[in-house]
Amino acid sequence: MKKTIPFLAIEGRSSGYYMLLAILATFILASLGAFYYMEHHGHYVTGMSNQIVWGMPHVFAVFLIVAASGILNVASISSAFNKKAYKPLARLSALAAVALLAGGLMILVLDLGRPERLVIAMTYYNLKSIFAWNMLLYNGFFAIVIVYLWTMMQRNLGKYTRVAGTAAFLWRLALTTGTGSIFGFLVARQGYDAAIMAPMFVIMSFSFGLAIYILVLMASYNWTERPLGDAIFNRLKNLLGVFVAAVLYFVAVYHLTNLYEAQHHDFEMFILRDGGIYTQLFWLGQVLIGGVIPLIIFYTPALAKSRGLVGFGALLVILGGLAQVYGIIIGGQAFPMTIFPGKEVIETTFADGAIASYVPTLAETLLGLGGFAVALFLIAFCVKIMQFLPASLADKDVDPHYKAS
Amino acid sequence: MTQPVNNKETTTDIYRRQFLGKTAAAAGLALAPGMILTEVAHARSADQPASDKNRWGLLINTNKCGTGCTACVSACQTENGWGEINKSEPHSKASQKAVWIRKVKLKDKLTGHVQSLPLMCQHCEHPPCVDVCPTGASMKRKDGIVLVDKHICIGCRYCMMACPYKARSFIHEALENQKVHAPRGKGTVESCTMCVHRVDTDGTPACVEACNAEGHQAMYFGDLKDSNSAISVELRNNGGQQLRQDLALNTGVRYQGL
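In order, the protein sequence lines correspond to chains W and G. Take the first sequence: its position 176, counted from the start at 1, is 176 in my numbering, and no numbers get skipped. Take the second sequence: its position 106, counted from the start at 1, is 106 in my numbering, and no numbers get skipped.
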């Protein structure tokens with residue numbers, strides 16, 4: 001019988017490891033400084049306004065929350081769908097899911113106008129609010145994934161792993177549906193009000209989450225000099241390619257639907273042709289950098305042989321994903337709401353009918369980056385104190401029958 | 001042949017009628033003031049909740065609304081303590097300052113017809129801002145006035161994302177010298193209150209009062225549930241439209257001449 005691969009905490013005594021923690025801690029401190037600066041003065045020190053009410057912090061927060069549920073996929077494939085090859089990857093996947101969600105929520109909370117009143121949001125729920133659903137979904141996600149991790153890490157609880165993993169998988173689908181619905185259920189704005197946004201966010205989560213997972217895995221195994229074989233790496237790379245293509249498909253359907261309906265033509269022209277930064281973010285950021293180039297890298301055998309290039313492709317998926325979320329959140333607000341159909345606004349004191357401008361400030365960006373730093377710090381810290389990473393992911397240990405193509 | 005009159009019975013009858021009459025009069029006297037008061041005064045005492053017997057609304061006749069006239073906006077600023085005249089947000093950029101009510105000038109894309117109108121919270125019956133608010137700070141009173149409870153607003157701005165009229169503002173800095181009846185606070189969201197403090201004491205919103213004082217008479221305020229109120233009569237006789245009627249929000253603010 002094949003012996004199971006042991007999980008070992010990383011040693012974490014190298015100067016490199018402490019350097020990594022120090023860099024991440026610096027980013028975290030910077031984000032806390034940014035938070036203090038924004039809250040002390042008020043949001044007038046940010047680029048956000050009464051036209052663009054959600055800004056850069058929300059781009060990072062939504063990206064991380066979406067990626068958090070997606071990064072759990074690797075564990076779900078092993079537990080809910082019982083794919084043995086993914087079993088060694090499951091612990092890191094669940095840990096990263098909790099860490100990314102924590103990072104994303106930190107940003108959201110620290111951007112509130114009155115963050116000290118969070119206790120109100122935690123104790124009173126308007127059950128018609130999708131935000132309130134999401135708060136329940138986030139808290140439930142933490143609870144379920146931590147229980148799931150527990151069943152994986154305590155030997156005699158292994159028999160419950162499948163149940164916990166399936167529950168976590170279903171919960172994460174609900175969670176991302178909830179995140180997408182924050183926008184999909186908004187009837188007021190041209191760019192939102194589309195049911196497809198919920199499943200589109202689910203597929204975005206698959207893609208963003210796996211891209212982060214691949215990079216975290218590569219970094220952990222490179223820096224600890226543990227073997228990471230092609231068997232597992234190529235599986236993950238090919239799967240990411242499928243997810244990237246699926247995101248492009250959903251984006252295409254979303255825009256084609258809008259293009260077919262006359263009332264959405266102006267919005268589509270804004271995003272696809274005339275929107276300046278938003279048009280560039282769409283075609284160059286989201287489609288080319290986040291979609292086409294990674295697909296070429298992942299599926300051209302000569303290119304996909306290079307771990308470095310595949311890692312670069314995963315990084316491009318993340319950058320393209322941030323561009324996509326920026327386009328959805330900021331672009332969707334920048335385009336003016338149609339309050340008076342058939343009429344043109346020729347005078348107003350509140351920018352009616354005009355495209356809103358938004359320039360993110362350093363503080364907002366630092367707060368957003370702090371969310372990433374919190375997530376990565378938690379992962380780096382936890383893999384040292386507990387057994388999350390398999391000692392080896394070499395081909396012979398993962399899949400003895402694997403043959404290099 | 002007539003029935004012989006029984007004197008004794010007649011006396012008793014008269015006595016009984018007098019007794020009934022006096023009793024009814026006394027009862028009437030006792031009840032009347034209460035009934036008259038109820039009829040005359042809509043004002044509630046502070047411990048009584050708003051009632052769904054009323055639905056407060058505004059009607060704006062865009063044909064009467066003066067182009068270039070901003071009396072309603074200035075009156076709202078003076079009344080509620082926001083805007084340039086109060087210098088309440090010195091640090092905020094123009095796009096960050098609060099706007100409770102604004103004047104908008106429109107041109108029909110087909111006909112070229114130009115009109116001007118004030119735009120503020122539309123006090124929807126099904127307000128998207130109330131639906132999305134996680135904490136219940138965004139709320140609708142039973143009489144249809146949509147408000148923000150500044151004590152439990154966490155400043156998430158989801159209501160601002162959801163409002164189809166861009167009627168809400170976020171406060172981007174600390175404020176001073178606020179009006180007692182219109183508390184505002186850094187980090188919370190606010191919008192037109194339909195001058196709820198005036199409505200609760202039987203008054204008229206400041207914007208309507210100012211419009212009338214200017215002689216435009218373009219704004220009506222009243223109870224949409226009272227079929228005899230001026231606003232209901234005007235709506236019945238000359239109609240009125242909702243902004244974004246397609247959203248089926250049943251707004252409390254209606255427009256004529258759109």
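If you're looking for bench data, these hints aren't it; they were derived computationally from the structure. Keep in mind that the hints are not guaranteed to be accurate.
Mimicking PhoX-like on lysine-lysine, the simulated pairs with C-alpha atoms at most 25 Å apart in a straight line are [to be verified]:
#1 G/Lys87 to G/Lys150
#2 W/Lys305 to W/Lys396
#3 W/Lys84 to W/Lys403
#4 G/Lys179 to G/Lys150
#5 W/Lys87 to W/Lys403
#6 W/Lys384 to W/Lys305
#7 W/Lys128 to G/Lys140
#8 G/Lys142 to W/Lys128
#9 W/Lys128 to G/Lys150
It should be emphasised that the depicted structure is a prediction, and the values quoted were computed from it without experimental measurement.
Exercise. Which hint numbers does the structure go against, in order from smallest to largest?
Worked result: Violated hint: only 6; rest satisfied.
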